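There are 2 protein chains.
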Amino acid sequence: MRSVSIVGIGQTPVGELWDRSARQLAYQAISAAMADAGVERADALFLGNMLSGSLLDQEHLGTLVADFCGFHGIEAAKIEAACASGAAALRIGAMAVASGFHDIVIVAGLEKMTDTVGKDTTAGLATAADAEYEALHGVSFVGLNALIMQRYMYEFDVPLDAFAGFTMNAHQNGANNPHAMFQEPITLQDYLKAPVVATPINIMDSSPVCDGAAALVLVPTEWAKRFTTGHHRGAVQILASASANDTLAVHDRRDPLFLEAAYISSQKVYRQAGIGPDDLDLFELHDAFTIMAALGLEANGFARRGEGWRMAHSGEIGIGGRIPISTMGGLKSRGHPVGATGVYQAVEVVQQLTGTAGANQVRDARLGMAQNIGGSGATIVTHIFGS
Amino acid sequence: MRSVSIVGIGQTPVGELWDRSARQLAYQAISAAMADAGVERADALFLGNMLSGSLLDQEHLGTLVADFCGFHGIEAAKIEAACASGAAALRIGAMAVASGFHDIVIVAGLEKMTDTVGKDTTAGLATAADAEYEALHGVSFVGLNALIMQRYMYEFDVPLDAFAGFTMNAHQNGANNPHAMFQEPITLQDYLKAPVVATPINIMDSSPVCDGAAALVLVPTEWAKRFTTGHHRGAVQILASASANDTLAVHDRRDPLFLEAAYISSQKVYRQAGIGPDDLDLFELHDAFTIMAALGLEANGFARRGEGWRMAHSGEIGIGGRIPISTMGGLKSRGHPVGATGVYQAVEVVQQLTGTAGANQVRDARLGMAQNIGGSGATIVTHIFGS
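Going down the list, the protein sequences come from chains A and B. Residues 1 to 387 in the working numbering are what the first sequence lists, from first letter to last. Residues 1 to 387 in the working numbering are what the second sequence lists, from first letter to last.
If you're looking for bench data, these hints aren't it; they were derived computationally from the structure. Don't take every hint at face value.
No distinction is drawn between identical chains; accordingly, a pair holds when it is met within one copy or between any pair of copies.
Said to hold, decoys possible - Simulated pairs of lysine to aspartate or glutamate, DMTMM-like, Cα-Cα distance not exceeding 25 Å:
#1 Lys119 to Glu132
#2 Lys268 to Glu40
#3 Lys119 to Asp57
#4 Lys268 to Asp252
None of these values were measured; they are calculated from a predicted model.
Working from the sequences, and respecting the hints, build out all of it.
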């Protein structure tokens, strides 16, 4: 198996980008990544996207984007694993290079969730849940997370404001990220007075509906030097990669408060990389809701069961803390264009590991983990990257 | 790169299967393939599907099927490339094994196109075309193919009944396939009196809207003997695999009558396998419309430009002919559950190469090719298999 490295990154700002169509967003991110790597061709494009069929009446999106980017005669496919589509595409891009099927692979993530005429984004997002056993009964995606959060607060006797620290940390970091949707810090008061979406989840617990695209250029590690010599940014190696599934429906879980697929996939990547959670310099986790940040810290070995929320208030998750999370704003503040999020996370880890994260730079960052979650924990893809 | 072999196959009958939901169809095919291979676990599931978002309000389909099949902690993703989703998933499954990421991989194709309450299947299929530049103007998928066929007839002076032979060959073979949707031969008279769908395409030129699922078990070739010793069916090796894109919109093509992506991908697989078209014992081509059969024969080196249609009448494409096509009924008679078709094609080549194709067995078949087309030729995936 060939080792695989990332030699170029690109991203659009995240937001309600009504002036750009899906294909234009993808082109913007992909052309930026190719310019960053200094490549003018690619052998394949694997595109993470969840909602183009539901919201844009457009499937065949991989080839549409490849065509719009000017590629001809290359492999193109869309990879869908709900909100984990981006990291699922990254894994497949890595397989394509590792196997020798391809040498230069573009992995992109794309989602256009706003300005979709006559479509219902909430119903679209509910397609990540079980249509016949969850969505049909009227539960939305926020609703499912609200049930989990409610149970967590009951089970572990956690106060309602315990999650505010996750939001404040995310916005603090997003304030310094020019690509973030929200670039202003929030206070505890802002959190406490935020309108409720689905009890107990308020709007400050939730990531926003938005548009965005991000891209990576992958090559065999042995080639990486060619692309980065004399370049401001070094290559980043994919040290470990794993994906695990759980039951799709939350009600089928043995324990709805434990992200078993996160546990399984992170145990695999720790083993592959020969490290443990304490060796990581940062962790881009999937804070689609604050409860997911708490559960992610627990399942991946940073906190004991029922105690992930405590880290939000201890300073441990800040840029200078024990394990910085959401270092560029996370899903809450940078934004969560669902099928693109896993690629944004990888882009941000690359920024950190190449010393180009600006005001949010984690000092001497060498090892970073990213974890992308599909559905309410049903598909979890985890990567460890090293500089 | 590890060589990859297929050690198990499974398929449901194709048809309007109103008594089975999407997940049940997938389970039926996957459990049959696993029983055929004698495996009880898998490391990953790559699921080809096009329309679950549009027609079933269900994304996250890879994990949904993995969960319903009883898999826990494995990788699962849906692969979408319009009607080429099945073969696109097969390529990714092959990469997963070739790279060493996984050892036992399930590749499945699934489509549920009928009994979809309140949904428009024609509009769903049009998502394979360019939503903003083709579908928005009202052209359906059949419409696009009708324009291509009309032009072909004009350009090469081809009579309207010239395509009947493709349909008659497909139905002749489908009559002996217990999994085929249509199991009766048709006559030239049947073809001539068939109602027109979009001039000049009639209902006998067109593959049907239907449901179905098919599955394959992939392992490293060096492991294949373990699974097939004492078994009725031998392993089949994936000798070559390639995918190529063209412009998504037909109006952007340099020449709408030449399947350039078929040419590129078949040239690649011929080179990889070290063979030419004359060495093949059979060719499962993508006869979604009869015009696509003619164009496929031309682009892949079996006929000269403008002469593919002549093969339909010469007996060359029959079971005992020069290059048997649609040997189990093809898309026309077996049926075309779009995202599943590429996997059905692979299943059928395995049947032929292992001598288990029943009444349609091609004698001494050793080398078979399958080609799966997404959109009107925008994504074309080609495989060569060997026994």
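Each hint tested on the structure:
no., hint, in the structure
1, Lys119 to Glu132, "both (20 Å within a copy, 16 Å between copies)"
2, Lys268 to Glu40, "between (35 Å within a copy, 21 Å between copies)"
3, Lys119 to Asp57, "both (10 Å within a copy, 12 Å between copies)"
4, Lys268 to Asp252, "within (24 Å within a copy, 46 Å between copies)"
Hint violations for this structure: none, all hints satisfied.
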